[in-house]
Amino acid sequence: MAERRSDAAASPPRGGGVLAGGALALLAYALLYASPYGLRVLTVAGVYALAAFGFQIVFGLGGALSLAQGAFFGVGAYVTGILGSRYGLGFEATFPLSLLAPLLLALPVGLAVLRLASHYFALATLGIAQVLHLLAVNLPDLTGGANGLAGVPGVVLFGHAVARGLPMAVLVWGLVALGGLVGWLLARGRFGRSLTALRDDPLAAGTLGLDVGRLRLAAFAASALFGGAAGALAVHTQRVVSPEVLEFPVMVSILTIAIVGGRGRMAGAMLGAVLLLHLPEWFRFLERGYLVVYGGALLLTVLVAPDGLTGLIDRAAGRLWGRRPHRLPAASAPPRFPAGGLAVEGLGKSFGGVHAVDGVSLELTPGTITGLIGPNGSGKSTVINLLSGLERPDAGHVVLAGRAVTGARADRLARAGLARSFQAAALPEGAGVLEAVAAARLAFDADARQAEAHARWALDRLGVGDLAAQSCDGLPAALRRRVELARAVVRRPAVLLLDEPAAGLTDGEKAELSTLLRGLTGEGTAILLVEHDMGFLLPLAGRVLCLDRGRVIYDGPAAGVRQDGAVAAAYLGTAVPA
Amino acid sequence: MRRTRPLPSILRAAIVSAIAASSVAVSPGAARADDTLSFPVLVPLTGFLSLEGTSQRNGAVLALKQTPAGVAIASEVVDTGTSPEAAVTALERAAGDGKVGAVAASMLGTQLLAMLPLAAEMKLPLVTVSGTASITEQGNPWVFRFFPGDAVTKAAHARYVVEELGKRRPAVIYQTTAYGQSGKQHLDAAFKALGVTPVFEEGVDPAAKDLLPVLSKALAAKPDVLVLHLHSGPTALLLKQAATSGVDLPIVAGSAMHQPSTAALLEPAELKGVCAETAASPISGGSPEIEAFTDSYRTAFGKDPDAFALGQYDGMTMVLEAVKAGARSPEAIRKALSAESFQGLAMTYKSDGKGNMAHSAVIVCYDGTSRVPKLVKRYDDPAIAAK
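Residue numbers (full-length UniProt numbering), protein chains in the order written: chain A, 1 to 578; chain B, 1 to 387.
Isolated chain A (complex conformation) (with noise of 0.2 Å):
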C-alpha cells in the first residue's frame, strides 16, 4: 500500500496554530491546575516525547524500523541508574554520560545492521535490547539484577536539587523542548529531507547522490540520544532502575506515540506523548477494563487518523481556515558538472546461469548521445543499472570523467557527475513536485531551499514550473516523465543515463524533449538514451549501439542501424536497404 506523507518536510503544516494552542493550553494547565498527580503524568509524557523524537528521525523521517529506541531507552536509563545511585554523581556528568552510551552502541550496532532488509532489521534491533534486558538481570553486581537497583537519587543540577513536581515538569519539558526544536530543524532541513527521500526509495536516493548508509547510521545515532536522554529522565522521575526499561512495552509505546502522534513529526511524538500517558489515567477507575477502551480508542484514532492526530489537526485547520499558499523560492540554475566522458569496457553480468550483459564496451563522449536500443530482456536496464550503480559488474572497467569508477556505489557516482532516469518515473508516493526534484540537490546543495531554487529551474527548463507547488501524485503520465527528468536535469551532470524517456510522450511532447536533450548535450552533457521508438532516437543519436541477450551487435552511426541485418533480424524486423 502506498505510504500517505506527513512530515513536515511534504508542506507547510496547516494547524500550527492549533498546536501552539495545544502546547499554551498544557503550559497552562501546568502552572495553574495540574495536581503532583496530573505533574507527573506529564513529566512522564515529555519522557516519551523525549524517546519518540529519535524514533522520528529513524524511522518516520528514515523509514527504518527501528526496534533499538527501548533499548537505547534502558541503556540512558541504566548508566543514570548506576552513576547516580552507585557512585553519586550528579546530573551533570550522568545525563551527558547516558547520551554519549547509546551513541556508542549504535554506532558499532548500526553498521552491522542497518544495510539488512526491512524486517531483518527490525528483527536485529529488536535483538538488542533482548541482549541488553539478559545483560540487565544477569549481572547483579553491577545492574542489581531483576530487582534493579533502588535509591537513585533526584535531579541536582549545579547544587540544586530539581524538586518533583512542577520544578521537574519543567526541567523534562525543558528538555523536550529544546530536543523538538532540534529535531524539527533537522527534519525541515536537508538531513531530514534526505532521510524522506531515502524512505520513499533507497534504491532512487542513492542515485540521487544521497549516502544511504550514513545517512541511516546518523538517523540511528540521533534516534539514540534521544533515547539515552529519555531513559536518564525516567530514572530521575522514577528513582530507580530496572529491567522494565529494556522490556518490549517501551519499545512499543514509543512506536504507537509516534503513529498515533503522526509519523515523522516532532509535534506528533509531542500531542502522540501527551494523549497516550493521558488517556489510560482517564479510564483507571475501569480497573483492568481500561486497557479495553484504551486499546479502543487507539484503533479509532488510526482509523481516523491515519497520517496521525498532527495530519488530522492539518486536514481539518486547512478545511476551517484554509489553506496557506506555498511559498515558491526564485528559481536559480545549479551550477553544472564539468563535462567529462564514460568510457565503458567489456561490462559483464550474470544472474545465476543468465548473462544479462556480456561483454558491452561503449563510449559516451561529451556533448553527444548514444542510443542502446534492443529487444526487450536484451540487458539495456541492465547495462544502465550496472553504469549507475545499481548493480555491481561482474566484469568490465568503467571510467567517468578520467576516474576509475568500476563498481562504484550509486551515490558515489551521482556525485561523480552522473545521473540516470527510471523507465518507470520512482516520484515519491505524496510528495509535492518541487520537493521531489530538490531531492535531487541534497546531496550538493548547502540547504535545503537552495535545493528548492534549483529545482524551479529545473522545472522551469522542463516547462512544468507551475507545477511546483502541486503533488505529485495524480500527475498525468508525460507530466511525471518530464518531473522524474527534471530529477536528472537538476543535477546538471557530466553524464546522463536516460531509460525510455520518451515512452508515453505524445509527438508535439517528444519534439519537445528532443529539442530539451540537444539543450542538454550543448552544454557538454553526455546522453545514453534507451529508447524503442526509432523515430525519436535515430535523429538525436550520433551513434547507437544494439544489444541482444546481453552482447553489442551493432555498435556504429544511427544513419547505419536500420541497415544492419542482424539488428533487423534480432530487434527491428525487415532491414531496410540503403
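Read the hints as simulated data drawn from the structure, not as lab findings. There could be a bad hint or two in this list.
Ranges of calculated distance between the beta carbons of each label pair, as one might list FRET restraints [said to hold, decoys possible]: (1) A:Leu139 / B:Val196: 24 to 30 Å; (2) B:Arg371 / A:Phe285: 32 to 38 Å; (3) B:Ala207 / A:Gly377: 46 to 52 Å.
Part of the chain B face toward chain A, derived, beta carbon under 7 Å [to be verified]: (4) Leu45; (5) Ala74; (6) Ser75; (7) Val78; (8) Asp79; (9) Ser83; (10) Pro84; (11) Val88; (12) Thr176.
Covered stretches of chain A (in silico footprint by chain B; criterion: 3 or more residues with CB under 8 Å from a CB of chain B, positions within the stretch not fixed) [to be verified]: (13) 37-44; (14) 128-141; (15) 146-160; (16) 232-240; (17) 283-292.
Computed from a predicted model, the values in this text were never measured in an experiment. Glycine included, C-beta positions come from ideal geometry on N, C-alpha and C.
The hints should help you fit chain B onto chain A, whose structure is shown.
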C-alpha cells in the same frame, strides 16, 4: 461567493488553549471535600503477575468491607501493570485523592521499590505482600510486609527439604525475575546454613514454553530432590512435564504452587508427592475463622483464596484495627503498624523494626487425590535462617 475570513492565528491559539486546558484539567485527582479516609489498592491486575495481583486486590477489597463504626472509608482499585513507572504514577494519583490512610501496594518488588521514596516523601504507609527481600532493607519506615520475606520462606523451604525429607542433593530451578533471583539467593544461604550445596542451579525465563531441557539437565546432576522457585505458570508446566517424564523424585516448590489457580492447571495425580512452601493455605482450612474467610472470599469473587489474598486481608485488617483504635492519619497508622502486634488469620504479625510483619511459613503437600493441599509443617521462628 463570500469567502470566510480566517481567524487571526493568535485568536485561534487562545480558543484552542482554553478548550484544551479545560478538558485536560477534568482529570481524576480532585480532592475529596469530606473527612473520608481513603485506602487505595494499587496492585498489578494485568501482565505476568495478574493472578497474584488479583488475589492481592481481592484480599484488600474484602478487608476494606469491614468499615469501622463512625469512620467513612473509601477505596479505589488501580491497576499498576508491571512497570515501576505505572506504580509510582498510581501512588501519586492516590495521594491526591483525598485523605489517604494507607495504601495496599503492589506485591511486585520492582514496583514497590519505586514507590518507596515517594511514600516516604508523602508519608504514606504501604501495606504489601511482596516477597522481595530488599523492600524492607531500604531503611524506609513506611513499608509493611504482611507476607513472610524470602529470608523466612526460603529457610522453611530448605529446612523442610533437609530436615524433614532428609535430602542433601537438591537441584534448584528458579525464575530469572526479581522474585526468582531473590528466592534463589536466600535458598543458597539457607542450604549453606544447613551444610548442603545444591548439585544443580539454573534460572529460567518466565516466558519459556518448554522446561524439559532444564529438567533434563537437573536430573543429569543426579539430585535427590527438585527444589523449585518459579512463578505460577512455569511451576505448573514443570510439574506437568516432570509427571509426563516419570520423574519420581520428591518436588518441593515455591509459594506459587500453593495457589489454587496453579493447582487448577494440573491434574490431582500430577500433584502427588509435590509440596510447597507458603505463608498460609486458606483452602486447607485450619480454623473456623479461616474457613469463614474462605467462604466470604468465594462468595465475593467466585474463586478460592490463596496466601497472598489472606496476607493482604490480614494487613488491611490490621490497618483498620488501628483506625478503629483511633488512628486517623497516615503517621498514626504507621506508628500502630510499627509498634502493635496483630493476631491475623494466617499468623501473628509484628514488625521486626524494618517493616517485616510476617515471620511464619508453612509447608503444604498434595496427596494426589485432590487439588487441596494439606498443611504438613509450620515454621514460626523469625530467626529461622540462622538455625
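Between B:Ala207 and A:Gly377, does the beta-carbon spacing fit 46 to 52 Å?
With a Cβ separation near 51 Å, B:Ala207 and A:Gly377 satisfy 46 to 52 Å, so the hint holds.
Does B:Ala74 pass the interface check with chain A, least Cβ-Cβ distance below 7 Å?
Violated: closest Cβ of chain A sits about 13 Å from B:Ala74, beyond 7 Å.
So, B:Leu45 near chain A? Judge it on the closest CB pair being under 7 Å.
4 Å, holds
Count residues of the stretch 232-240 of chain A with a Cβ under 8 Å from any Cβ of chain B, then say if the count reaches three.
holds (count 5)
Have a go at the B:Val78 hint: is there a Cβ in chain A nearer than 7 Å to its own Cβ?
5 Å, holds
With a cut-off of 7 Å, does the beta carbon of B:Val88 approach a beta carbon of chain A closely enough for the hint to hold?
OK, holds: B:Val88 within 7 Å of chain A, min 6 Å.
Would you settle whether the hint for B:Thr176 is holds or violated, based on the nearest Cβ-Cβ distance to chain A being less than 7 Å?
5 Å, holds
Outcome, coverage hint (the stretch 146-160 of chain A, chain B; C-beta under 8 Å; three residues)
With 5 residues close enough to chain B, the hint holds.
Between the beta carbons of A:Leu139 and B:Val196, is the distance compatible with 24 to 30 Å?
27 Å, holds
Double-check B:Ser83 for me: the hint is only fine if its C-beta lies closer than 7 Å to a C-beta in chain A.
Given a least distance of 5 Å, the restraint on B:Ser83 holds.
Starting from the range 32 to 38 Å, see whether the pair B:Arg371 and A:Phe285 falls in it by beta-carbon distance.
35 Å, holds
Are 3 or more residues of the stretch 283-292 of chain A near chain B, judged by a Cβ distance of less than 8 Å?
Result for this restraint: holds, n = 6.
Violation of the numbered hints given earlier is confined to hints 5 and 6; the remaining hints are satisfied by the structure.
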